[in-house]
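Number of protein chains: 2
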Amino acid sequence: MKFFEVAPPKKVFEVINSFSPVSEELIHIDDALGRVISEDVFSPCDLPGFFRASMDGYAVRAKDTFGASQSLPAILRIKGEVKMGEIPKIKVGEGEAVKISTGGMLPEGADGVVMIEYCHRIDEETIEVERAISPFENVIAPDDDVKKGELVLKKGKRLRPQDIGILAGLGIASVKVYRKPKVAIISTGDEIVPIEKEPPPGKVRDINRYTLSAFCRSLFAEPVFLGICPDDFSRLKDLVEEGLRIADTVWISGGSSVGTRDLTLKVFESISDFRLLVHGIAISPGKPTIIGTVKRKPVVGIPGHVASALIVAEVFMSRLLRRLSGEDPVQDPPKIEARMTRNIESAPGREDYIRVKLIEKDKQLYAEPIIGKSGLISTLVEADGLVRVDMNKEGVYEGEKVEVIPFVSKGLW
Amino acid sequence: MKFFEVAPPKKVFEVINSFSPVSEELIHIDDALGRVISEDVFSPCDLPGFFRASMDGYAVRAKDTFGASQSLPAILRIKGEVKMGEIPKIKVGEGEAVKISTGGMLPEGADGVVMIEYCHRIDEETIEVERAISPFENVIAPDDDVKKGELVLKKGKRLRPQDIGILAGLGIASVKVYRKPKVAIISTGDEIVPIEKEPPPGKVRDINRYTLSAFCRSLFAEPVFLGICPDDFSRLKDLVEEGLRIADTVWISGGSSVGTRDLTLKVFESISDFRLLVHGIAISPGKPTIIGTVKRKPVVGIPGHVASALIVAEVFMSRLLRRLSGEDPVQDPPKIEARMTRNIESAPGREDYIRVKLIEKDKQLYAEPIIGKSGLISTLVEADGLVRVDMNKEGVYEGEKVEVIPFVSKGLW
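Protein sequences appear in the order of chains G and W. In terms of numbering that gives the first Met the number 0, the numbers along the first sequence are unbroken and rise by one, the last being 412. In terms of numbering that gives the first Met the number 0, the numbers along the second sequence are unbroken and rise by one, the last being 412.
Just so you know, nobody snuck in bad clues.
The list cannot tell twin chains apart, which means a pair is met if one copy fits it or any two copies do.
Using 30 Å as the maximum straight-line C-alpha spacing, the simulated DSS-like pairs for lysine-lysine come out as follows:
| # | residue 1 | residue 2 |
| --- | --- | --- |
| 1 | K334 | K400 |
| 2 | K334 | K156 |
| 3 | K98 | K286 |
| 4 | K154 | K372 |
| 5 | K153 | K334 |
| 6 | K9 | K356 |
| 7 | K372 | K90 |
| 8 | K181 | K156 |
| 9 | K360 | K10 |
| 10 | K334 | K356 |
| 11 | K196 | K156 |
| 12 | K400 | K362 |
| 13 | K362 | K154 |
| 14 | K334 | K154 |
Since the hints were derived computationally from the structure, they do not count as laboratory data.
This is chain G alone, in the form it adopts within the complex (with noise of 0.2 Å):
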């Protein structure tokens, strides 16, 4: 018995890659790490825009330790210091050397420092180098880390701690940024209580309201809860209704019934300018997965179940909120190759996505299904990742190297 038509999941992320990032704002690089830049920056200035020693040691001409070795060190006469972030007022004349420490300025007629390592103080005045220079060893040229003009960061970029460091350096105190996509959340089903309250039999708290927040916030995205609703169409579309009005994508989460699933979708079809994208995906679990969009919004139908709704999260909600945050390319996740510690089968004609533990032995990485049934939450509180098993597949073997997708939000990692 089949119930909708369901679609690959490269099918899937290509309906995904389709979408629009949401608009963009301004802030202080101080607030924007994980947040992707909205257009190019170019460097309005050379970094760090004059010569500068890459090592502790003596600034010198390079030609004048020509030869020097350690049985024939080149003598020179020692000018004075550089101080730190000054222009030197010395001069390195011919058969001169002149202190520096790493980072400061180099004098006029200096091409070069040679390693403090190399050269031996004789006295007051005087250095033997043993070792030759080449011009400009150990010295960083005005525009070595950095061209004026130069693109530094290319738009669609999510930004790291030396991305942030980079625009510092140049004295980009603001970026323009995609701004936080906000993710509309709504939790149905009559089964479903808050979680403050003690479930009768019969009934479950809320859990998806919070993993899935959660989950936003581990992609730099703006959970917004609408609340509980119970299976009535009119209050759902309500509250679809107004998740358009104030996000940028509305994700509904549940029902695991039957009924429940077909509210969400014809909820969805009541509202004026919605398209339907996907009806179901070929994956297990999360094959009740609904995408659309109401002018150009997505919204989605999660499964209720909470472990399916996670890893449709994982899998597919990653990449969209990549996506509307502006991320471009939006990458893959690196995968973690390991060997499998047992057989699982697997269903042909759906991607399986298997929850595994990571087990180091004998400097080995093991991938240790997770045992039990398949919608319990504590199967993923236990999971460092999943293992995608391919279509065409009917099972990984003991043993067999697979590639271990980690969880976005990871713990960090």
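Guided by the hints, dock chain W onto chain G, whose structure is given.
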């Protein structure tokens, strides 16, 4: 010429592991993503707490299906339907079946669920069941997900969305976590100017303030910037003392010069109860790193060079922050296997950290070393991670398999 006795990285990790976590606080689970729990959490109840269907289908007595097959189906009377979220009023007797959705409560008398795919409705009151189920098939028992009294989350775990989810499921709305470690950051050096200023020749903008702050945030720590300090003993001492008053650890970044390095240590040594633990690390870059404690609070001198500073942060300060955050065990990040695209020499007797870019070609991941002078921030902007070259190795070779350590804050992955 040797400036000081450098510590092998292993010893530095031991030093860091000896530090104690910061104090605790009680927070709502909605704020708990990425935070580390500070006490074991045991379940106050069974989850889900009742017998629950894990499939859409019919609740039956398993023995009524024994022997059923496609050619010889069991014939059962439909007695009604279980409503989601309710205690079923109907009982299942011999030869009876009750329609049920995933998540529904199993009615009295039933001990299993036949998937809807194997049930054929003959008329309003009758179904044919064409497959036998065993007792409790497609059923989640009251304590299948979590047993009352079970340890669900261990002290020292950094909370992911699913960990927050299990707390929600158990009705634990607030959780004890370690505070965010507060990191006082001081930039030193006569050559450092605020990023808003146009630096005259010889001076550079304060990059480290921003990279180190963002780095702290990426590990859920809270940076507090105390200011740019010139190379002046008493002003630096005042700032370190202020840092010790308000923060959990104090980091001085800078300076590049030998003089400034001496200054950092002199200031530390002038503070009572200072204990020097690490004076130089056998790594490149990052050698002139100082680690000590003042009344058990870690104080750190980080090299002023922007690239060295961030590599020291990635390799050692990440572990320091994880330790202060209460993470237990402090885990190594999973490495990514790749092959070097070219030879890189390395001096034995120290660990080298090579900046690399990951490139995928023909399904093989390659680590491409970033060419460029080593102190430059641009080399880190281009890099995806670091390759560690062991102390006793003289380099890595083209084609050699290496482990790439992804950056802590790597644009998410």
